[in-house]
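Heads up: the protein sequence lines correspond to chains A and B, in order.
So in the working numbering, spot 426 of the first sequence is number 426, and the numbers just go up one at a time.
So in the working numbering, spot 38 of the second sequence is number 38, and the numbers just go up one at a time.
Quick caveat, the hints were computed from the structure, so don't treat them as lab data.
A hint or two may mislead.
Said to hold, decoys possible - Just some of the chain B residues that point at chain A, by a computed CB distance under 7 Å: (1) A24; (2) E25; (3) A29; (4) K36; (5) S37; (6) I39; (7) A60; (8) L63; (9) D70; (10) M78; (11) R82; (12) R99; (13) P102; (14) S104; (15) A105; (16) V107.
Think of the CB as a built atom: it goes at the ideal place given N, C-alpha and C, for glycine as much as any other residue.
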Amino acid sequence: MKKLLSGNEAIALGAKIAGVKYASAYPGTPSTEILENLAQMAGVRAEWAPNEKVALDSVAGASYAGARALAAMKHVGLNVASESLFYLAYTGVNAGLVLISADDPGAWSSQNEQDNRHYARFAKVPCLEPADSQECMDFISLAFDLSEQFDTPVMVRTTTRVSHSKSVVDVPETNGHAPRPLKPFIRNTTKYAMIPANARRRHPVVEERLKKLSEWSNTAPVNRIEWGDRSIGMVASSVAYQYAREVFDGYSILKLGMSYPLPEKLIREFASQVGKLVVVEELDPFFEHELRAMGIPCAGKEYFPLTNEFSLAVVREGARKLGVAQPAPPTAPAAAIPARLPALCPGCPHRSTFYALRKLRLRVAGDIGCYAMGALPPFDVIDTLGCMGASFGVAQGVDAVGANTDKQPWVAVLGDSTFFHAGMPALANIVYNQGASTLMILDNDTTAMTGQQENPSSGKTLQGQQTHKIDIEAVVRAMGVQDVFVVNAFDEPQVEKTLKQALAIKDRPSVIISKGPCVFLDHYPEKFIYAVSNDACNGCSLCFRVGCPAIFKGEIDKTTKQPKALIDPLLCVGCDICAQVCPHDAIYRIAN
Amino acid sequence: MNKTDFLLAGVGGQGVLTASDIVAEVGMALGLDAKKSEIHGFSQRGGVVESHVRWGERVAAPLGEKGRIDYLLAFELMESARWIEFLKPGGTVIVNRQRILPMSATVGDAVYPSDEAIDQALRAVTDQIVYVDGLEVATDLGNKNLANTVLLGALAREMGVDPEVWLDVIVKRVPRKYLEENKKAFWAGRMGERVPREK
Numbered sequence: 001m002k003k004l005l006s007g008n009e010a011i012a013l014g015a016k017i018a019g020v021k022y023a024s025a026y027p028g029t030p031s032t033e034i035l036e037n038l039a040q041m042a043g044v045r046a047e048w049a050p051n052e053k054v055a056l057d058s059v060a061g062a063s064y065a066g067a068r069a070l071a072a073m074k075h076v077g078l079n080v081a082s083e084s085l086f087y088l089a090y091t092g093v094n095a096g097l098v099l100i101s102a103d104d105p106g107a108w109s110s111q112n113e114q115d116n117r118h119y120a121r122f123a124k125v126p127c128l129e130p131a132d133s134q135e136c137m138d139f140i141s142l143a144f145d146l147s148e149q150f151d152t153p154v155m156v157r158t159t160t161r162v163s164h165s166k167s168v169v170d171v172p173e174t175n176g177h178a179p180r181p182l183k184p185f186i187r188n189t190t191k192y193a194m195i196p197a198n199a200r201r202r203h204p205v206v207e208e209r210l211k212k213l214s215e216w217s218n219t220a221p222v223n224r225i226e227w228g229d230r231s232i233g234m235v236a237s238s239v240a241y242q243y244a245r246e247v248f249d250g251y252s253i254l255k256l257g258m259s260y261p262l263p264e265k266l267i268r269e270f271a272s273q274v275g276k277l278v279v280v281e282e283l284d285p286f287f288e289h290e291l292r293a294m295g296i297p298c299a300g301k302e303y304f305p306l307t308n309e310f311s312l313a314v315v316r317e318g319a320r321k322l323g324v325a326q327p328a329p330p331t332a333p334a335a336a337i338p339a340r341l342p343a344l345c346p347g348c349p350h351r352s353t354f355y356a357l358r359k360l361r362l363r364v365a366g367d368i369g370c371y372a373m374g375a376l377p378p379f380d381v382i383d384t385l386g387c388m389g390a391s392f393g394v395a396q397g398v399d400a401v402g403a404n405t406d407k408q409p410w411v412a413v414l415g416d417s418t419f420f421h422a423g424m425p426a427l428a429n430i431v432y433n434q435g436a437s438t439l440m441i442l443d444n445d446t447t448a449m450t451g452q453q454e455n456p457s458s459g460k461t462l463q464g465q466q467t468h469k470i471d472i473e474a475v476v477r478a479m480g481v482q483d484v485f486v487v488n489a490f491d492e493p494q495v496e497k498t499l500k501q502a503l504a505i506k507d508r509p510s511v512i513i514s515k516g517p518c519v520f521l522d523h524y525p526e527k528f529i530y531a532v533s534n535d536a537c538n539g540c541s542l543c544f545r546v547g548c549p550a551i552f553k554g555e556i557d558k559t560t561k562q563p564k565a566l567i568d569p570l571l572c573v574g575c576d577i578c579a580q581v582c583p584h585d586a587i588y589r590i591a592n
Numbered sequence: 001m002n003k004t005d006f007l008l009a010g011v012g013g014q015g016v017l018t019a020s021d022i023v024a025e026v027g028m029a030l031g032l033d034a035k036k037s038e039i040h041g042f043s044q045r046g047g048v049v050e051s052h053v054r055w056g057e058r059v060a061a062p063l064g065e066k067g068r069i070d071y072l073l074a075f076e077l078m079e080s081a082r083w084i085e086f087l088k089p090g091g092t093v094i095v096n097r098q099r100i101l102p103m104s105a106t107v108g109d110a111v112y113p114s115d116e117a118i119d120q121a122l123r124a125v126t127d128q129i130v131y132v133d134g135l136e137v138a139t140d141l142g143n144k145n146l147a148n149t150v151l152l153g154a155l156a157r158e159m160g161v162d163p164e165v166w167l168d169v170i171v172k173r174v175p176r177k178y179l180e181e182n183k184k185a186f187w188a189g190r191m192g193e194r195v196p197r198e199k
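Go ahead and model the full structure; you've got the sequences and the hints to work with.
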């Protein structure tokens, strides 16, 4: 049956068909929907882990214990999980283990663009790269088989345009394997326990395995030559192949489904029969460098950019440079249209925090989550932002060197899910090393940015079971923070007052937990919407500074010559923050 | 049919992604290969949502390109002008007249362009401009969320594709509870009086 599926949906389906029993992940764009889809499938246990390393270790355990298992993460998630990947490369697997790395060329939803094919080479594990949803489904089954055949974790790398594009998939009628019994775990410490002596024994096994995989890949159907005009031959994988296929219509292409280790014989055969060999690859010159190291002359990055994601236009530009005729680029000038910047949603519990931080002119170490929008207007208050949990670490360094002063105090801000991900060790560090930072945890009961996934403080699992709700306040106190303030996120004056109170504590760390659910959660309190009194509003513009998409500029006030505020009743959810900051009591609740 | 490219653009929450799923599935129902692509996550929050759909014998790239899109469906008035450079000269643009003010006009100095400026930007590329009062039609039908289906009806009319093919896909996609009103919205868009085209 033909179905239109996203790459992520197809990966979940492929894993189910391959008999996956256990899957673990931390949400991260563009990988999140893989676990969300697996969670719906009978016979699969799917879990959100607090971070990617924990996810990969758990998946290692499931594999050792004899169940096919899958971990999924975004590209930067693999940085967190990389330590686990490296030991897994040495121990190998018992039942098949597949790691999905969903990269984000273009950094649409990420702090960087990184090319995780390097991890496959670095950790010495095979890497498959599907180019559409059909391949996403097919390659997952293959990945599990390869994992068992070669006793190795197998990485499957997608990109945003593979994970989030939908394309036609021929879905088998029988949806999935009969349940596989656990493959017995046979104690073998030289394979599974990486003390130095065993690690030294395993390293040659890993190198030997790579040679076998490279040999296998020479005839693997996932690598194929599409012959055409041989004056130029392209080498491409993933979505770059799709652009190349369209732009170099009629030319020869070596389509690589396995990007590490490379099929050296196949590449040599292809190279020997084409005039000019050109690598078309997004992000780093990974294939290009590998080919050069093999002594195969090729071109690549002199025609196609190293940065940002590809498009037909980008690949056409390279084709023109190569002398392959292309339709003329469009000449219509772009119309100057006002930008639509990302913004905190109407009713967002983070709004009070960023309004207060801005008002108090603090330096802010930011973190990964919806609250990264504190870096954008009208707040524009975040000074540093790196990765998950970085805010608390940065705060300690700033404080330790004496830069967290009365004149310029710093605050670090992260969310509940980020706290469990990487904030806890950083908080332990601050307490242990006698830091005195002011820290904020914005607890909205969910992992909001990626689409409201459950986390250890949600009280619910990915598969919908009620579970223990880890109490963040209790954790913070148990770590030894004496000054813990819990505030209502929908009370801006209280947030502001508490910040001042916490900043006054100079000799020890303080933590403010701002509590209020994400507006998309079912338990978001029902509120009445608001309106602006045209008579009372004088256009002072303070409410514009809460950065709410429901508030916009209306008519000009005759006295102040400034635009008055209007509230869109379709967008307002009644969080009350604008009314709290209005000095003229011009914003009122509409009873209904 | 060689290849048909669509670009659906609007603002988060307008149902752009559901509509683009439907367009892609109609392509499949017509026996064609189809792909669609859009961005999720950070850049989507309160911002522009654009979704590419491509039909063809065999579709390789998931994204269409500037100056080569056949049909532009703008779910919001100003978005039609933002994305018009993607339309091929003489292509069809279907514009929902609904305005959603950007935050950059509230917290900055940006000004929402006038109807005339938008129309002029569109006319620089094509005279095949179809304005639809999607929100008004949807409101009359009792559910503001139906505007995207109204626009799909207008697209079905402009393309001349059998409406039953569209309705079959809509029936499969839409929860039963909302089915009747979606059918009505589709027909309202399909039958809707078109603004006369002028050179």
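Checked hints:
| no. | hint | verdict |
| --- | --- | --- |
| 1 | A24 | 6 Å, holds |
| 2 | E25 | 6 Å, holds |
| 3 | A29 | 10 Å, violated |
| 4 | K36 | 5 Å, holds |
| 5 | S37 | 4 Å, holds |
| 6 | I39 | 5 Å, holds |
| 7 | A60 | 4 Å, holds |
| 8 | L63 | 6 Å, holds |
| 9 | D70 | 14 Å, violated |
| 10 | M78 | 6 Å, holds |
| 11 | R82 | 4 Å, holds |
| 12 | R99 | 10 Å, violated |
| 13 | P102 | 5 Å, holds |
| 14 | S104 | 5 Å, holds |
| 15 | A105 | 6 Å, holds |
| 16 | V107 | 4 Å, holds |
Checked against the numbered hints listed earlier, the structure breaks hints 3, 9 and 12; every other hint is satisfied.
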